[in-house]
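Peer 1: Sequence:
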Amino acid sequence: MTAAPDRWPLMSTLPPDDRRDLKLRAMQAIIDTIREHEVPPGTRLPSTRSLSRRLGISRNTAIAAIEAMAEQGVVEIRNRSGCYVASNPLAPARLPNGRTPAMPSPARDWLRRFSVVLPEASPRPPTAEFDFTYGQFDPTLFPTNPWRACERRALAVTEIEAWARDTGDADDPMLVDYLISTVLARQGIRARPEEVIVTLGGQQGRFLVAQLLAGQGTTTGFENPGMLETRQVLELMPTRALSLPMDDDGVIAGPEVEACDTIFLTPGHQCPTTAVMPLDRREALLDCATRADTIVVEDTFEVELLPDPLPALHGLDRTGRVIHIGSMSKLIAPGLRMGYVVAPAEVTRQLRALRRLMHRHPPGNNQRALALFLAHGHYGAFLRRAYRVLGERNDRMCAALARHLPEMQVRHRRGASTFWMTLPSPVPDQALAARAASENLSVRPSVHFFDAQKGGIGHLQLSVSNLPAERIEEGVKRLSRVLRGVL
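Mapping the sequence shown onto numbering that gives the first Met the number 0, position 433 (from 1) lands on 432, and the numbers just tick up by one.
No false leads were mixed into what you were given.
The calculated label-pair distances, taken between Cβ atoms and stated as ranges, are:
#1 Ala169 / Gly55: 43 to 53 angstroms
#2 Asn364 / Ala184: 23 to 33 angstroms
#3 Arg191 / Arg355: 18 to 28 angstroms
#4 Leu356 / Ala398: 44 to 54 angstroms
#5 Ala398 / His358: 39 to 49 angstroms
#6 Glu160 / Phe113: 36 to 46 angstroms
#7 Gln408 / Val115: 32 to 42 angstroms
No wet-lab data here; the hints were simulated from the structure.
Positions of the beta carbon are idealized from the N, C-alpha and C atoms, including for glycine.
Using the sequences provided together with the hints, build the complete structure.
Peer 2: The following block contains the structure:
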């Protein structure tokens with residue numbers, strides 16, 4: 000036996016703001032102490048009473064942590080003797096003659112080795128009191144109890160047998176069936192199981208489709224303004240990217256579309272202008288694409304809650320040239336990372352082959368939990384509740400904008416959470432966003448949506464996806480002060 004308990008390395012009280020379970024935090028603190036101080040095997044740990052005092056936890060929690068670490072083999076519990084560090088479970092790799100592993104020098108020029116240098120994602124700004132940015136998770140809207148029940152069902156023995164086995168690159172057939180019968184049916188899309196592939200969110204769907212179609216010698220059209228992620232993916236590909244002209248109804252069916260091999264669109268609810276492409280424009284666009292043999296990639300953006308939605312382009316297509324990309328995580332919870340692509344079977348087979356080079360398929364347990372969520376009707380109930388909650392927020396937002404910013408041009412569609420504001424005079428909205436931060440506001444500058452060659456001054460995208468109804472009035476009032484200070 001080595002090292003008396005009173006010589007055990009110092010341990011700090013656990014921080015109070017950590018959201019992890021206390022037992023897990025206590026375990027990690029003890030394990031970190033063993034690693035960092037290289038506590039040798041056979042060293043006796045302090046008593047559970049001593050650990051509880053050192054870490055600021057109850058003795059029961061300390062006992063639970065020790066028992067869990069014993070199950071992992073990190074420590075050994077000896078009857079009537081105490082608890083001891085086990086035989087080298089956490090010992091770092093050692094070099095001969097007591098040498099320590101080298102710390103790599105950061106001086107190497109890695110940039111010259113990269114085949115491509117991509118723009119890094121902008122860091123998320125600190126959470127503001129009045130957050131008008133799109134895509135923020137609202138925990139009050141998340142269907143906690145139904146989702147927990149589906150996760151629990153997915154862990155039943157019979158379910159584990161279904162999703163835990165090696166299925167190659169196949170997706171969960173139950174999820175695919177319910178995507179077809181519930182999610183896609185509402186958008187007017189009819190599909191066979193072999194025409195659907197599950198992705199890690201809509202962004203992976205965009206990347207896979209672009210990887211397949213936007214090759215050398217091709218021309219690919221994109222919306223301007225439009226999704227930043229779509230434009231960045233196309234910039235990575237060897238294709239020639241072409242900005243498509245738009246009006247209040249979305250992309251115009253004209254010679255630019257006919258000049259493209261593939262076009263990426265958000266016709267259901269355009270990002271960021273909120274334009275919903277009318278039926279006659281959709282049909283004209285498909286006719287134009289058919290004449291030029293152009294492939295249409297239809298992306299979804301906030302279409303789930305639109306009242307009386309029009310059929311998706313995929314549902315109107317009669318020539319098999321539309322690829323439909325959707326996301327299940329954007330509305331439910333961005334961290335879920337679950338989406339899908341609907342395309343002819345010949346296309347999905349190649350998308351599946353591409354996906355297999357990254358990962359075989361999204362995690363099976365998550366797929367089964369989502370399938371159960373759809374099967375038990377929780378998704379429909381969630382949509383109805385989200386429509387009511389966002390409807391109230393939208394009403395308050397419209398009223399507040401009319402009251403405090405009547406001179407602003409604002410576009411919005413009932414059922415969506417976003418608003419597209421055009422400023423009366425050209426103000427660099429990057430500076431506007433910085434000024435808004437001083438009022439504890441968070442807004443997204445519109446330069447993210449515009450092609451760099453075209454500029455993007457004079458717009459703001461606002462969203463109430465994570466702003467409680469009772470704070471909208473004050474938030475718009477503060478935004479009004481900011482705008483009047485810079486215009």
